[in-house]
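Chains as they are written, first to last, in the working numbering: chain A, 1 to 123; chain B, 1 to 152; chain C, 1 to 134.
Hints in this document: simulated from the structure, not taken from any laboratory. Keep in mind that the hints are not guaranteed to be accurate.
Quick list of simulated restraints, FRET-style, between CB atoms [unchecked claim]:
1) B/Arg127 - A/Gln60: 56 to 66 Å
2) A/Leu118 - C/Met1: 23 to 33 Å
3) C/Ala89 - A/Ser55: 55 to 65 Å
4) B/Val116 - C/Arg125: 52 to 62 Å
5) B/Arg127 - C/Arg88: 13 to 23 Å
6) B/Gly148 - A/Phe54: 37 to 47 Å
7) C/Lys108 - A/Glu106: 37 to 47 Å
8) C/Gln112 - B/Leu30: 35 to 45 Å
Keeping only pairs whose Cα atoms sit at most 30 Å apart, straight-line, the calculated DSS-like set for lysine-lysine is [as the list claims (entries may be wrong)]:
9) B/Lys140 - C/Lys16
10) C/Lys108 - C/Lys16
11) C/Lys108 - B/Lys140
Ideal placement from N, C-alpha and C gives every residue a C-beta, glycine not left out.
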Amino acid sequence: MNAVGGIGGAGLWGPAAGRASAGPATLRQVEPLRGLTLGAGPEGSAAAPAGPSFSETLSQVLGEVNGLQARADTLVARLAAGEIENVHDVLIAQQEAGLALRLIQEVRDKLVAAYQELMRMQV
Amino acid sequence: MRVDYLDRLEVSASALAAYRQRMNAIAENLANAQTTRTPEGGPYRRQEVVFEAGAVPAAGDAGGGRGAVESALSGPRSVRARVVADTTTPFTEIYDPGHPDADGNGIVRYPNVNPVTEMVNLVLAARAYEANVAALQAEKRMQELSLGIGRA
Amino acid sequence: MIRQILFGSRSLALLKGGLDAGAARIRVTAENIAHAETPGYTPREVRFEELLGRARAAGEVPLARSHGAHLTAGSASGEIPRPRIVARAGRDGAEGADIEREMVALQKNEIQFRALSQMLADRYRQLREVIRPS
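Looking at chain A on its own, in the form it has when it is part of the complex (with noise of 0.2 Å):
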């Protein structure tokens, strides 16, 4: 019994999974990772550390990723519209959406190694 509980096997994550994708599918392929419980042993309930767990920290990125996409689209939309004054504002917005993204997949990738590599481990 592995430590680890939950994920599938690599079908979850695909060759090449997306460095050129952005936004919700990447987001997608992430949310399994929501189960993810590092515990030690088969009850996974040793003494649990203080502060969020892995699961809520990821949640919480998530939705900041998310919150970033959607008020970039949102500015983009109303610059569309004719509603925004600076134009900077909306660069300033979508850079900041890319950015929190590229970060999200690049822990991702960490991730998903490091899963495999766990993977290949004999026991």
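Since the structure of chain A is already known, use the hints to place chains B and C on it.
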């Protein structure tokens, strides 16, 4: 006129139109500086173009939803131009009994146009026109610089 | 949390504030030029740098930290005051907006805006590179 980044060009654009009107009036004054008889009777009367502030833009969200800039003053206004006749400057009166437009006393009334004054006004108007062109171009370049924020 | 880590620095917030002020300045200058001969028009200007100085002098609100080891991301951007458009003190009326002075201001503001926007672009480029080296 709304507050979005394109409509803000309206202010400068309206100023260009206003100064263009002023320059047209000056040209008309110069062309008619010697016109002693007009269809309405009497000599040509000098034209002036006065400026006034136009409508205040409709209330709108300024600055990308963040209300980027505070202002207790009213929003930007366009410039409106109005052509008025110069009724204060008197006509020039020349004694010339042989002139076809001389009145009973041999006085010919010439337009109240001073070509030197008109030329000075023309230079001033042209300069102001160019200044507004520069303002428009500065605004345009600023937008382009904003777009560069996202460039890789 | 991501927002704070990536974009919470004070210098970034200052850049954004500077851009807001710069954009407002160019617009206000254009308006002053357009109304240089409009009777009764009071030229406007944008206050920002002095508002910054005043905020700093008044003391900054310390950032609350839930754990001593957490990063201090510097002051939150909410403390950067918004630029403010005010009427220029002194002469008003048609002579109040000196076209020459406005023209110089126009050039100065454009240079400033160019500098700030390029610095911001560089900042984002660096972040991009740090997150994922190309």
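Now the hints, each set against the structure:
1. At about 59 Å, the CB distance of B/Arg127 to A/Gln60 agrees with the hint of 56 to 66 Å.
2. A hinted range of 23 to 33 Å holds for the C-beta pair A/Leu118 and C/Met1, which are about 26 Å apart.
3. Checked against the hint of 55 to 65 Å, the pair C/Ala89 and A/Ser55 passes, with Cβ atoms roughly 58 Å apart.
4. Checked against the hint of 52 to 62 Å, the pair B/Val116 and C/Arg125 passes, with Cβ atoms roughly 59 Å apart.
5. Range check, B/Arg127 to C/Arg88: Cβ separation about 21 Å, and the 13 to 23 Å hint holds.
6. Between B/Gly148 and A/Phe54 the beta carbons are some 39 Å apart, a value that agrees with the proposed interval 37 to 47 Å.
7. Here the CB-CB span from C/Lys108 to A/Glu106 is close to 41 Å, well matched to the stated 37 to 47 Å.
8. Here the CB-CB span from C/Gln112 to B/Leu30 is close to 42 Å, well matched to the stated 35 to 45 Å.
9. A C-alpha spacing of about 19 Å is found between B/Lys140 and C/Lys16, which places the hinted pair at or below 30 Å, so the restraint holds.
10. Distance restraint check for C/Lys108 and C/Lys16: the Cα-Cα separation of roughly 18 Å lies within the 30 Å cut-off, and the hinted pair is therefore satisfied.
11. About 15 Å separates the Cα atoms of C/Lys108 and B/Lys140, which keeps this hinted pair within 30 Å; it holds.
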